[in-house]
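Q: The primary structure of each chain is shown beneath.
Number of protein chains: 2
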Amino acid sequence: MIKRIPTKKIYVGDVAIGGDAPISTQSMTYSTTADVEETVEQIKRLHFAGCDIVRCAVTGEEDAYALKAIKEQVELPLVADIHFNHKLALIASEFVDCIRINPGNIGNKQKVAEVVKACQERNIPIRIGVNSGSLEKEFDNKYGQTAQGMVASAQYNIKYLEDLGFSDIKISLKASDVQRTVDAYRILRPKNNYPFHLGVTEAGTLFHATVKSSIGLGTLLLDGIGDTMRVSITGELEEEINVARAILKDSGAMPDGLNIISCPTCGRIEADLVSAVTEIEKRTAHIKTPLNVSVMGCVVNAIGEAAHADVAIAYGKGKGLVMVKGEVVANLDEKELVDRFVSEVEDMAKDAE
Amino acid sequence: MIKRIPTKKIYVGDVAIGGDAPISTQSMTYSTTADVEETVEQIKRLHFAGCDIVRCAVTGEEDAYALKAIKEQVELPLVADIHFNHKLALIASEFVDCIRINPGNIGNKQKVAEVVKACQERNIPIRIGVNSGSLEKEFDNKYGQTAQGMVASAQYNIKYLEDLGFSDIKISLKASDVQRTVDAYRILRPKNNYPFHLGVTEAGTLFHATVKSSIGLGTLLLDGIGDTMRVSITGELEEEINVARAILKDSGAMPDGLNIISCPTCGRIEADLVSAVTEIEKRTAHIKTPLNVSVMGCVVNAIGEAAHADVAIAYGKGKGLVMVKGEVVANLDEKELVDRFVSEVEDMAKDAE
Chain A
1 MIKRIPTKKI YVGDVAIGGD APISTQSMTY STTADVEETV EQIKRLHFAG
51 CDIVRCAVTG EEDAYALKAI KEQVELPLVA DIHFNHKLAL IASEFVDCIR
101 INPGNIGNKQ KVAEVVKACQ ERNIPIRIGV NSGSLEKEFD NKYGQTAQGM
151 VASAQYNIKY LEDLGFSDIK ISLKASDVQR TVDAYRILRP KNNYPFHLGV
201 TEAGTLFHAT VKSSIGLGTL LLDGIGDTMR VSITGELEEE INVARAILKD
251 SGAMPDGLNI ISCPTCGRIE ADLVSAVTEI EKRTAHIKTP LNVSVMGCVV
301 NAIGEAAHAD VAIAYGKGKG LVMVKGEVVA NLDEKELVDR FVSEVEDMAK
351 DAE
Chain B
1 MIKRIPTKKI YVGDVAIGGD APISTQSMTY STTADVEETV EQIKRLHFAG
51 CDIVRCAVTG EEDAYALKAI KEQVELPLVA DIHFNHKLAL IASEFVDCIR
101 INPGNIGNKQ KVAEVVKACQ ERNIPIRIGV NSGSLEKEFD NKYGQTAQGM
151 VASAQYNIKY LEDLGFSDIK ISLKASDVQR TVDAYRILRP KNNYPFHLGV
201 TEAGTLFHAT VKSSIGLGTL LLDGIGDTMR VSITGELEEE INVARAILKD
251 SGAMPDGLNI ISCPTCGRIE ADLVSAVTEI EKRTAHIKTP LNVSVMGCVV
301 NAIGEAAHAD VAIAYGKGKG LVMVKGEVVA NLDEKELVDR FVSEVEDMAK
351 DAE
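Chains as they are written, first to last, in this note's numbering: chain A, 1 to 353; chain B, 1 to 353.
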């Protein structure tokens with residue numbers, strides 16, 4: 001298991017972030033927030049997809065006031081996303097569970113102080129959401145669009161909030177460049193213990209966003225960095241959650257259901273592995289118990305992987321072995337292997353519940 | 001740009017690996033290698049998809065001898081993949097550009113010495129391909145399936161080859177677990193300067209293999225580690241190459257065509273960004289010149305990203321700006337933006353050729 005770097009625990013509604021809390025996933029509605037019906041619908045879709053926290057853009061007073069009716073109709077904690085106009089944060093803070101401000105565009109210190117006061121009174125946290133594409137002028141001039149500039153902006157704003165007696169904070173440092181994103185989080189991590197909200201921003205459409213986010217967020221998770229995260233996709237709501245959960249699972253940060261180890265293309269394979277694994281994925285998608293399983297097409301690594309798998313298939317020519325915890329439990333015709341495998345997996349999941 | 005850790009340069013056929021050579025992509029045929037026609041067909045598919053080096057499983061003498069006819073019909077360098085039976089390596093070495101042996105299952109030292117002698121005579125390199133699932137018994141007993149065990153196996157075999165006067169070597173350290181894979185390469189990297197062949201093995205079907213490989217290989221590439229790589233997918237040949245190339249591009253290791261920065265879902269977006277970006281992706285897929293472009297749906301980060309982009313669109317309500325190198329070149333109706341954007345990109349790509 002990955003050893004997470006210890007952080008302070010804060011709460012966005014009833015979702016804990018940091019400390020020993022699970023790493024939560026976030027997304028953002030793309031409706032006009034003032035359209036309460038559509039926004040509630042999107043939040044419910046995200047909830048169903050497994051999202052833990054949802055953020056809504058607040059671009060004007062109508063959006064800000066709409067959050068009241070939205071909040072009454074949804075269960076997920078709400079974050080109001082504020083740029084440019086701090087007054088919208090003052091309104092939204094009455095209704096939501098967290099305020100995200102972008103220090104680069106929220107205006108002068110006095111305005112930030114007003115937002116802090118509103119959040120203090122409501123006892124809700126602030127996300128200091130630094131974006132490489134919209135740094136404060138002073139940091140952009142001094143550092144350009146660099147990790148160092150992002151870190152300088154974050155540190156400046158953390159200190160300002162702390163000086164106001166406010167430490168109910170989480171931090172994000174998002175760039176559209178993967179390396180810059182990773183560097184920024186790595187540089188800032190040792191300098192405080194606030195929880196980090198991870199994200200590579202503006203990562204493009206599904207395929208490249210999946211690859212960019214997996215590289216950036218995965219690298220940080222392997223370092224033990226990251227307490228909550230959003231995958232940014234030019235695409236649909238559910239895609240962001242699916243990819244976020246896959247990154248958490250496949251990095252080893254948050255085991256979830258079956259981790260399937262299966263052979264790549266290779267001339268040694270003695271079965272239609274693609275069909276078998278695809279069928280197994282479908283038939284076990286409902287299982288939440290973390291299990292390591294292997295479905296291997298030849299003898300090279302099959303026994304080695306099976307020895308460490310909860311349940312395994314090792315294919316031979318026209319037949320194969322089903323193994324449980326390294327022990328052979330059945331030697332069957334190829335056609336019977338997937339059925340037996342799935343039933344062993346279901347039994348094990350039931351026992352673990 | 002990522003700073004690569006310097007390595008020795010070797011050659012697999014005419015493809016350089018290590019040193020200042022581009023990071024090459026590899027895959028493996030899944031035909032029975034003895035089926036020359038099908039194997040040649042698959043190698044040609046891989047070549048067309050952008051693969052640099054191809055590997056064929058050699059499971060018996062028929063496979064080994066078939067490599068002669070295969071080699072005569074293809075342009076890509078060939079690697080023979082040998083397990084268990086070192087005699088197959090002796091035959092295959094006559095025809096191929098590299099031999100991969102798995103030290104964990106090739107047998108005793110004398111057998112390895114014979115393979116080394118054959119490769120010395122033919123002046124072809126050896127890949128020491130350590131797999132976590134098939135370590136030598138002594139290392140498995142001492143370390144279990146750990147990064148330390150994989151590194152110990154690699155070091156033992158490197159030393160043995162060096163003692164025989166052979167240093168035309170590349171190394172892989174593959175595990176099905178992402179963290180273990182990353183740890184193994186990181187531990188071994190400072191201990192020698194041989195080029196590394198990266199891979200997370202048995203990574204599953206397309207989606208999870210993409211995520212696992214992006215995390216594992218991306219993390220290493222950001223560290224400057226990696227000279228050639230294979231993405232392992234329980235799936236089709238072309239998928240392995242597509243994902244490998246995306247990881248190289250999206251990590252920043254090997255810029256290739258358009259790097260598209262585009263907004264995620266958000267209530268601020270004032271256009272149908274998904275359609276626009278999807279259309280742009282299709283219409284610019286043929287461009288190989290590395291360009292950074294941004295397609296942004298609102299003002300928050302649009303200008304900041306555009307300032308650093310080669311070509312950019314910043315959408316407003318019903319219209320938007322096209323920007324080139326940070327300068328506005330057109331203020332157009334929404335319907336005209338993609339056309340103008342694509343034509344600016346094409347001009348810039350033509351100038352760069």
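Source of the hints: derived by calculation from the structure; they are not laboratory data. Treat the hints with caution; some may be incorrect.
Because identical chains cannot be distinguished in the list, a pair is counted as satisfied if it fits within a single copy or across any two copies.
As the list claims (entries may be wrong) - Mimicking DSSO-like on lysine-lysine, the simulated pairs with C-alpha atoms at most 27 Å apart in a straight line are:
1. Lys-3 x Lys-317
2. Lys-71 x Lys-319
3. Lys-117 x Lys-159
4. Lys-317 x Lys-87
5. Lys-191 x Lys-3
Predicted model, so just to flag it, every value in this text is computed and none were measured.
Q: First find the shortest C-alpha distance between Lys-317 and Lys-87 inside one copy, then the shortest across copies, and answer within, between, both or neither for a cut-off of 27 Å.
A: Answer is between; shortest inter-copy Cα gap is 23 Å, intra-copy 70 Å.
Q: Reference check for the pair Lys-191 and Lys-3, CA-CA at most 27 Å: within, between, both, or neither?
A: both (18 Å within a copy, 25 Å between copies)
Q: At most 27 Å between alpha carbons: which applies to Lys-3 and Lys-317, within, between, both or neither?
A: Neither: 42 Å inside a chain and 46 Å across chains, both beyond 27 Å.
Q: Can you give me the call for Lys-117 and Lys-159, within, between, both or neither, at a CA distance of at most 27 Å?
A: within (15 Å within a copy, 65 Å between copies)
Q: Can you tell me if Lys-71 and Lys-319 fall within 27 Å by alpha carbon in one copy, between copies, both or neither?
A: neither (56 Å within a copy, 33 Å between copies)
Hint compliance for this structure: hints 1, 2 are broken, all remaining hints hold.
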